[in-house]
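Residue numbers (our numbering), protein chains in the order written: chain F, 1 to 291; chain Z, 1 to 270; chain H, 1 to 381.
There's no promise every hint is true.
To be verified - Dumping the calculated EDC-like pairs for lysine to aspartate or glutamate here, alpha-carbon to alpha-carbon at most 16 Å:
#1 Lys177(H) x Asp160(H)
#2 Lys337(H) x Glu351(H)
#3 Lys137(F) x Glu116(H)
#4 Lys290(H) x Glu116(H)
#5 Lys137(F) x Asp57(Z)
#6 Lys294(H) x Asp121(H)
#7 Lys71(H) x Asp57(Z)
#8 Lys240(F) x Glu377(H)
#9 Lys48(F) x Asp369(H)
It is worth saying that the hints were derived from the structure and are not from the lab.
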Amino acid sequence: MDVTPPKRSRPRIDRFAVFWASPSLVWQVAFFVAPLVVLVWMTFWRVKNFKLEQDFIPDNWIRIFSSGFFYDAFLYTFWMALVAAVLITLIAFPAAYALAFIASPRTRTLAIVALITPFFTSYLVRIYSWQIILAEKGIINGVLGLAGISPVNIIGTSTATMVGYVTLALPLVLLIQLFSLSMVDKRLVEAAYNLGCGPLKTVFKVVVPSARVGLVIGGTFAFLFAFGDYVSPLFLGGSKPPTLSILITDQVKSGNNWPRAAVVAVVMVITLMATLTVMSAVAYRRRGGAR
Amino acid sequence: MNAATVRWILMGYVLLVFLFILAPILTLVAFSFNVDRFPALPWGGFSLAWYEAVFADETVSTGFRNTMIVAVTTAVVATFIGFATAYVDYRYQFTGKRAYLALASLPPTVPVVILGIANLSFMAAIGLSGTLTAVILGHVVIAAPYAMALIRIRLADLDPAIEPAAWNLGATPWATMGQVIVPFCKPAILSSLAITAAVSFDEFMIAWFVSGIHETLPVRILAMLQGQVSPRINAVGSLVFLVTVALVVVAQIAVFSWRRKRPLAGGGDG
Amino acid sequence: MTDKIDMFAFLSRGIGRRQFLQGAGALGVAAATGLQSERAYAQEKTLNLLSWPGHADPAVVKPFEDKYGVKVVAKEYVGGENMLALVNQSPPGTYDVVLSDAEYVVMLRDGGFIEEMNPADYALDTFFPEFQKFPGHWLDDKLYSLIIRFGYLGIAYRTDALTAEDVASYKILWDEKIKGGVGFFDWYLPSMGCLSCYNGNKSPFDIDAAAFEKLKETVFSLKPQTSAFYSMADTFASLTNGSAKAIPGVGDWITLLLAKDGVPVDATVPAEGGIQWTESMSIMAASEKKDLAKAFIQYMTSAEGQMASALMPAYNASIPSKAGWEKLNADAPAEAKRLRMTFTERNVMDEYKDGKIHIRKTPVQQDIDTWNEVWTEFKSL
């Protein structure tokens, strides 16, 4: 925290200001920062016969960083989250564009309600539903079967995991994009048309740059969600291979090994913070000379 | 390809995207009425048996009660914190404000699985592991930023000069808060109560790590998902869906009523 | 305007610091208090059970609940290590009864988590002789746990993909026709145990370094065949929806129920041998309701409780009580036949006597950790 010495005092306002400023500070320090600090501290503890003992040993870090499966899981998780970010951004954009520039206000309102609803519907149950849809004897293969196409097995593949990630993040990304596209000046778009730009050229020269912040934020959220998700890689991907989240829960379940799980968690937090920093730099970078 | 064709293609695409988003929800509702225990095609027949099983299952009703306790408490506390933070951002400039706001809005960016394991050890250290209190403490952390965002957006419509004008006329900050700020924010406060309740209602990872034997409903669903195949999951899911949709609808109604009462925004002179 | 203030002034000035802390503390306390009464209530009328999924199903525990006017509340786990983790991380007194796999009883005893039991309290003489003095439950000639149910692990398979001859040997797992269709129950112990049988180890869990290295190779060589790693429910789902054609390390506990529902599946113990799983109940040492806990185990080992346990809706099993068998054959002969627990036909006790079945143990010459890590590595390949 950035604590600076006092410069001025305004007693009348202070107590009032402190009353409103402190809840968030106190709560987030006590129940957000403190647990994360304990998490870091715990990476140096030891586990003996399923019991946690306070200690200060580097063994957990060494153990995790010398296991091949950790690097595999890290690379796989990062890669999947990256693909999810790009894919979801690409899937969402045409839809957000259509809703922002083509759809009637009524359709748009309806769409927003439809987008908010699943965001708050049990994600667990939605993933379970995807199992029913994607399984070898599931709905999709049932339909394919009617068309005489032999069944494809999707459950237990990275594709299925990706379907889960899209389910998780698409509504939010679409909302963010829609929000940022509605900020784009429509006259600018029309002007581009009138100046003889083709539709595609207009989109890439005018719309995308104007909505850049929203696109980047949306993609970043997709990345965050996918990077930390536990449910899709487990129930759709069949833990094949395990992601970092699965590694965390496996360590906890299979030997009460919180310290090693904590190492994985700390690495994840660092990765995410680095990603956030880079992405916010990309999003808010001053536009260079040309545009 | 003319503009109209492009429009139709794009709108068709939108329909497809929404089909994808809604497909799992439709499937879950449909299969909650399927008589077969192990869901697969072909369709086995219509049955209400799984709803009966859910209503008879005390772990589900206990879980539901726990979830309600957690969600309501979380909503109240998180909305208060969110309101306070939004107000501070709206009213004051101070050194370290960026860091203050970053701390207030960061929690949703940390995966819940990490918050779960962090809370597990932390709550054990302060003797709260295995309690609903621990779940609430964690849920407020992730829900408060949503409340803050919603209320901050609303405050953006209130002329910052109103409050100081009232102070100059002799009103105390507390009175201005009670008579101007809070009434103006009421719709946002209501929608924030609904949204934070919904966030808590669906959260299962923190709850799974710290709730111990006091399982919330989503934790129960996770246990069912891992433990035994049963269309009860679909039935529970459909019911949960109903509850969360109700919460979201309440939030929406609040938002729309605020839109209609817009005249206050940007208005006059205290 | 008074927009610019310094938030942290109060810290150095000391003014209002106490109020500030009090206010913040009050918030947290307010959230905490309402819950205490609820906890107290929950403790009065319940028996807290730590178990595999499904053991507190009304179909099993309702008669006990009615008789004693209590609720049986279960915290469910999957896998023995998960159980030990939960026992270790919960405050003492959280659970009254633990249903553990037999091989973990000794660890529970060593950790001081469970109590010695009095054999005279339970109807042990109604059990088959093989199960009256079950090895892992008697330590230093003291009883710590009572066997409730058991079953055999080999291969579960879809009968529309494989025949009974196919699965006479674990070799089928490497067969081209089920490439990408070999599922795994995501728990190292039974899965690696069955493959250890395939490697010809006489005692599949007591193997030296060389045999362990070979087991590792055997396990890893199955990777191209693998469909996925399943939690408990997924094991049922994947056989039903066809994602998995065969799953080693599981058995009747999966297929009995599925077959009853008309899914084309069966389970077998291949020629190389299989593993026996055993679930047993113990009384937690820190329980405040030991009499109730004892009564519950008495019920679960009675003929009535045994029959209910055999037919448990989450997964069926064989039961060790002869009295339970008799009741099952009298009250539900069709179910007795389905579960191969009749006295007239070849039954599960005969299979036990064949000597193909090894009792599941935790690794003897290596750490649990070492086996677990091989499993994690296998999943990541």
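query: Are lysine 48(F) and aspartate 369(H) close enough, with their CA atoms no more than 16 Å apart?
result: holds, 11 Å
message: lysine 290(H) and glutamate 116(H) were given as a pair; does the straight-line alpha-carbon distance stay at or below 16 Å?
response: Within the cut-off at roughly 12 Å; holds.
- prompt: Does glutamate 116(H) lie within 16 Å of lysine 137(F) when you go C-alpha to C-alpha?
  reply: violated, 50 Å
query: Does the structure keep lysine 71(H) and aspartate 57(Z) at a Cα separation of 16 Å or less?
result: With Cα atoms ~12 Å apart, lysine 71(H) and aspartate 57(Z) stay inside 16 Å; holds.
message: Next pair to validate is lysine 137(F) with aspartate 57(Z); report whether the Cα-Cα distance is within 16 Å.
response: Violated: lysine 137(F) and aspartate 57(Z) sit about 29 Å apart, past 16 Å.
- request: Would you mind confirming whether the straight-line C-alpha gap from lysine 294(H) to aspartate 121(H) stays at or under 16 Å?
  value: holds, 8 Å
- request: Assess, step by step, whether the Cα of lysine 240(F) is no farther than 16 Å from the Cα of glutamate 377(H), and give holds or violated.
  value: OK: lysine 240(F) and glutamate 377(H) at ~11 Å, within 16 Å.
Lysine 337(H) paired with glutamate 351(H) [C-alpha distance capped at 16 Å]: Roughly 15 Å between the alpha carbons, so the hint for lysine 337(H) and glutamate 351(H) holds.
query: Given the proposed pairing of lysine 177(H) with aspartate 160(H), does the C-alpha separation stay at or below 16 Å?
result: Holds. Lysine 177(H) to aspartate 160(H) sits at ~12 Å (cutoff 16 Å).
Figure legend: structure checked against the earlier numbered hints; hints not met, in rising order: 3 and 5.
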